[in-house]
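Okay, here's what each chain looks like letter by letter:
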Amino acid sequence: GEDVEQSLFLSVREGDSSVINCTYTDSSSTYLYWYKQEPGAGLQLLTYIFSNMDMKQDQRLTVLLNKKDKHLSLRIADTQTGDSAIYFCAERKAAGNKLTFGGGTRVLVKP
Amino acid sequence: DSGVTQTPKHLITATGQRVTLRCSPRSGDLSVYWYQQSLDQGLQFLIQYYNGEERAKGNILERFSAQQFPDLHSELNLSSLELGDSALYFCASSAPGTGINEQFFGPGTRLTVL
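Those sequence lines, one after another, are chains A and B. Numbering-wise, my numbering puts 65 at position 65 of the first sequence, and it's gapless, one number per residue. Going from the second sequence to my numbering is simple: count from 1 and add 1000.
Simulated from the structure, these hints should not be mistaken for laboratory data. Where is the CB? At the ideal position from N, CA and C, for every residue including glycine. Mixed in with the good hints there might be a few duds.
Stated by the list, open to error - Residues on chain B that point at chain A, a partial pick, calculated with CB under 8 angstroms:
no., residue
1, Gly1058
2, Ser1094
3, Gly1106
4, Gly1108
5, Thr1112
What the hints assert, rightly or not - So the derived label-pair ranges between C-beta atoms look like this:
no., chain 1, residue 1, chain 2, residue 2, range
6, B, Phe1069, A, Ser28, 31 to 37 angstroms
7, A, Ser27, B, Asp1071, 23 to 29 angstroms
8, A, Asp26, B, Gln1017, 34 to 40 angstroms
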């Protein structure tokens, strides 16, 4: 989506941390989401953050939100080969439930 | 398994034809969303239905239409198909009244137009 941008590709070694970045343009976004898509499968919600939060941690996942810069990131600690997938960030605007997705970041975890 | 089912899994057809994609939402979910995922356009929101009524419209072509039936399953109709309509079509559903509006995605229907 043109309103949400992500880098295309990230390569990381197993056991290292991965950081996936996302920028969005709509300051009225209420929720921001990270979805994971494994090969041949649909999208699965990994985590989300409400727009009035700066950080959310959920086990190996840490979401950081910089609302001033409209920047969202997802950090995956101790990245495993099973984390290899495409990661999408998405924003939900104030009105309605429509999600606008970024283009996805393909993460490749090397052993 | 998200609980959202989509049929068929794969569809191969010719230009100019018409196809129907079907989606059954999770039990209890009233909203159904349709998305198109293609290499050049990424993941695009097409349309949302809530309890049988159209709720939001995205980048859906006039050749495409959808509906949600009383049993809450939904169908996406694509007509006068063009090569560029080849894509993965996802359906998602969400429960009523949830603040985060978690959308549960089906496995998708891969459409190939030859």
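Answer holds if the nearest beta-carbon of chain A is closer than 8 angstroms to that of serine 1094 of chain B; otherwise answer violated.
7 angstroms, holds
Given glycine 1106 of chain B was flagged as interface, is its beta-carbon under 8 angstroms from a beta-carbon of chain A?
5 angstroms, holds
Closer than 8 angstroms between Cβ atoms is the bar; does glycine 1058 of chain B clear it against chain A? Give me holds or violated.
6 angstroms, holds
Could you tell me whether the CB distance from phenylalanine 1069 of chain B to serine 28 of chain A stays inside 31 to 37 angstroms?
For serine 28 of chain A against phenylalanine 1069 of chain B, whose Cβ atoms are near 33 angstroms apart, the range 31 to 37 angstroms holds.
Does the Cβ distance between aspartate 26 of chain A and glutamine 1017 of chain B fall inside 34 to 40 angstroms?
37 angstroms, holds
Quick check on glycine 1108 of chain B please, does its C-beta sit within 8 angstroms of some C-beta on chain A?
Since chain A brings a Cβ to about 6 angstroms from glycine 1108 of chain B, closer than 8 angstroms, the hint holds.
Status of the given 23 to 29 angstroms range, CB of aspartate 1071 of chain B versus CB of serine 27 of chain A
Given a distance of about 40 angstroms, which is not inside 23 to 29 angstroms, the answer is violated.
Return the status of the interface hint for threonine 1112 of chain B: holds when the least beta-carbon distance to chain A is below 8 angstroms, violated otherwise.
Violated - the Cβ of threonine 1112 of chain B stays beyond 8 angstroms from chain A, reaching only about 15 angstroms at its closest.
In terms of the numbered hints stated before, the structure departs from hints 5 and 7, listed from lowest to highest.
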